[in-house]
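Peer 1: Chain by chain, the residues run as shown.
Number of protein chains: 2
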Amino acid sequence: MTQIVPVILSGGSGTRLWPLSTDENPKQFLALASERTMFADTLARADDASRFAAPLIIGAERHAALMEAELGGDAYRYARIILEPSARNTAPAIALAALAAGADDTVMLVMPSDHVIRDLHAFVAAVDSALPAAHEGWLVTFGIEPTGPETGFGYIRMGNTLEQAPGVRKVERFIEKPSRDKAEAMLAQGSHAWNAGIFLMRADRYLEELARHASEMEKAARAALDGVDLGARLIRPDGERFAACPSDSIDYAVMERADRVAIVPVSCGWSDVGSWDALAEIASPDGHGNTVAGDAVLIDTRGCHVQVDGITITAAGIKDLIVIANGSHVMILPRGRSQDVKKIVESLKTRPRS
Amino acid sequence: MTQIVPVILSGGSGTRLWPLSTDENPKQFLALASERTMFADTLARADDASRFAAPLIIGAERHAALMEAELGGDAYRYARIILEPSARNTAPAIALAALAAGADDTVMLVMPSDHVIRDLHAFVAAVDSALPAAHEGWLVTFGIEPTGPETGFGYIRMGNTLEQAPGVRKVERFIEKPSRDKAEAMLAQGSHAWNAGIFLMRADRYLEELARHASEMEKAARAALDGVDLGARLIRPDGERFAACPSDSIDYAVMERADRVAIVPVSCGWSDVGSWDALAEIASPDGHGNTVAGDAVLIDTRGCHVQVDGITITAAGIKDLIVIANGSHVMILPRGRSQDVKKIVESLKTRPRS
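Taken in sequence, the protein lines are chains Z and R. Residue 192 in my numbering sits at position 192 of the first sequence; the count goes up by one each step and never skips. Residue 336 in my numbering sits at position 336 of the second sequence; the count goes up by one each step and never skips.
Wrong hints could be hidden among the right ones.
Which copy is meant is left open, so a pair is good if it fits within one copy or across any two.
Claimed, not checked - Straight-line Cα separation of at most 27 Å, DSSO-like style, residue types lysine-lysine; simulated pairs: (1) K182 x K170; (2) K319 x K170; (3) K342 x K177; (4) K319 x K349.
If you're looking for bench data, these hints aren't it; they were derived computationally from the structure.
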């Protein structure tokens with residue numbers, strides 16, 4: 001049996017973890033959740049040569065050096081990096097990967113590079129469950145068992161179990177980020193999972209569905225790679241041709257419309273680390289409920305999340321705050337308000353230069 | 001009538017305003033309360049050539065460059081700086097100044113260099129009231145009219161008004177930093193003022209009282225200046241001889257024991273800026289009760305004091321915090337807890353080096 005090709009999406013440049021995550025050095029290249037970067041953790045997730053082939057990375061040209069740095073050493077000698085000439089969201093990025101993977105019955109495990117999975121064993125078991133269905137042509141998503149009525153994720157309603165594949169269920173439908181009420185209803189109802197944006201599927205099946213539901217996208221991706229050496233370490237699609245490609249997510253462009261879309265529910269300590277609050281949730285608190293990374297002196301301080309690089313944070317008598325700092329910016333928020341990072345970043349952008 | 005010699009005490013190296021104030025760059029050399037440093041504000045307070053002679057500064061050798069920088073330009077051409085070979089508290093420092101001032105009936109206005117006086121007019125009027133008594137040989141202190149039952153200051157109980165000098169009262173006694181109850185009792189009782197550590201007195205009278213009540217100190221100061229050119233810009237007392245001098249404050253060594261000690265009560269917007277809370281109190285709040293100095297972006301933030309140098313502070317949704325930062329340290333405290341700075345500084349000193 002041929003090995004699975006890990007396809008690692010590194011196109012994000014989120015500022016939800018500002019000031020540590022920036023467009024120049026986005027979240028996946030930071031060691032926020034473990035001793036190494038989330039990018040390195042993602043690579044390590046598909047490091048088992050008995051299951052996985054060399055990885056295919058898709059990221060931005062401006063992050064090429066960061067990706068190369070992560071892929072140093074013998075272990076990733078055969079890794080390839082597709083440098084997107086422009087950002088076109090996930091559907092076109094995965095199309096490039098599918099074409100570079102071989103455009104045949106090769107199975108791809110598509111993973112964002114900036115998620116945390118604490119229980120690798122459970123995750124690998126889910127991939128194993130999904131594999132027969134993927135070989136048969138199903139586009140398999142991984143559904144995270146909800147732990148609360150989150151409104152920040154898309155949901156998937158799960159249908160019947162596939163006869164030929166225990167643990168794999170048909171997808172009934174994709175549900176966009178819900179209201180609080182709707183999220184609670186789905187949680188009560190069961191049979192709904194969070195959409196983690198992780199997929200196991202054959203390259204040819206993906207391209208087939210893409211051609212059916214977003215043919216311009218499929219054509220543009222093919223054209224952009226026409227004549228490009230797909231065996232090279234750095235794969236550079238044609239910028240002009242790729243610029244013609246519409247921009248859309250794999251969920252909207254393909255998954256919601258495709259035939260034979262399945263889901264494997266999994267509970268694997270997953271987090272998209274989409275905010276400082278989310279990161280605080282998955283960090284290990286000390287005896288006072290503080291989660292601290294970096295140089296800090298905290299006196300009589302409780303329930304605070306402190307993450308700092310290149311400067312020292314000191315505090316006394318504070319509680320339930322998020323304090324993030326690097327050598328240029330300090331950010332302070334009450335816990336539970338980390339969505340306000342956006343407002344701060346916006347305000348910094350628009351204020352008059354001093 | 002000869003002019004008053006301003007004697008400016010710059011020996012402090014307080015860490016109560018850490019992290020901005022440090023031993024290398026103490027509070028008086030920071031622009032915390034106005035556009036210029038408190039040292040410069042103190043110099044400017046005695047800048048009126050019709051009343052004041054050139055100033056005499058007393059500070060530490062290691063701050064010589066900082067003091068020289070403040071005394072640049074023609075205006076302070078005749079200023080002299082006494083460089084203390086070692087720190088011996090205020091009584092010996094003022095003894096050196098009295099000897100350098102002439103050790104005769106020259107009147108000195110002794111002022112700490114790190115206090116704020118908002119109402120210069122009221123202060124100068126108080127000096128004018130005090131002057132006749134000082135000429136007659138009284139050691140005159142300035143008593144700040146209490147605005148609350150502060151426990152961080154010494155108090156002075158005021159007695160009868162001097163017959164020959166309206167506005168000048170006899171000092172009945174000095175009272176050390178009181179308990180809260182005692183402070184409230186004094187406030188209710190009236191006739192008590194805060195001891196601001198500002199004095200108007202003849203150099204010879206100070207030395208006379210010092211010789212009477214702390215003769216070793218007086219002798220050591222004289223010996224340390226023996227043969228030293230008192231007309232030089234930089235006056236360097238003999239280190240070995242000065243090292244023999246006991247260390248004590250003017251209050252303990254002289255004022256509490258001397259004859260003819262008087263007080264002029266004054267309400268002049270005085271603050272010793274002894275803490276971040278004190279500084280927040282005298283700063284001008286914006287429409288949300290925030291007092292901000294330096295680069296900060298505050299969203300939905302109320303009642304915070306933010307003071308920052310060399311880095312940007314951002315926050316959303318916080319209230320009633322003190323946030324102080326420079327390029328190496330950030331400090332966060334609830335308002336009202338700025339005495340905890342000491343604990344933080346201590347903790348930083350004693351923690352294992354990383």
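Peer 1: Does each hint hold? Answer for all of them.
Peer 2: Status of each hint after checking the structure:
no.	hint	result
1	K182 x K170	within (21 Å within a copy, 78 Å between copies)
2	K319 x K170	neither (46 Å within a copy, 50 Å between copies)
3	K342 x K177	within (18 Å within a copy, 48 Å between copies)
4	K319 x K349	between (29 Å within a copy, 24 Å between copies)
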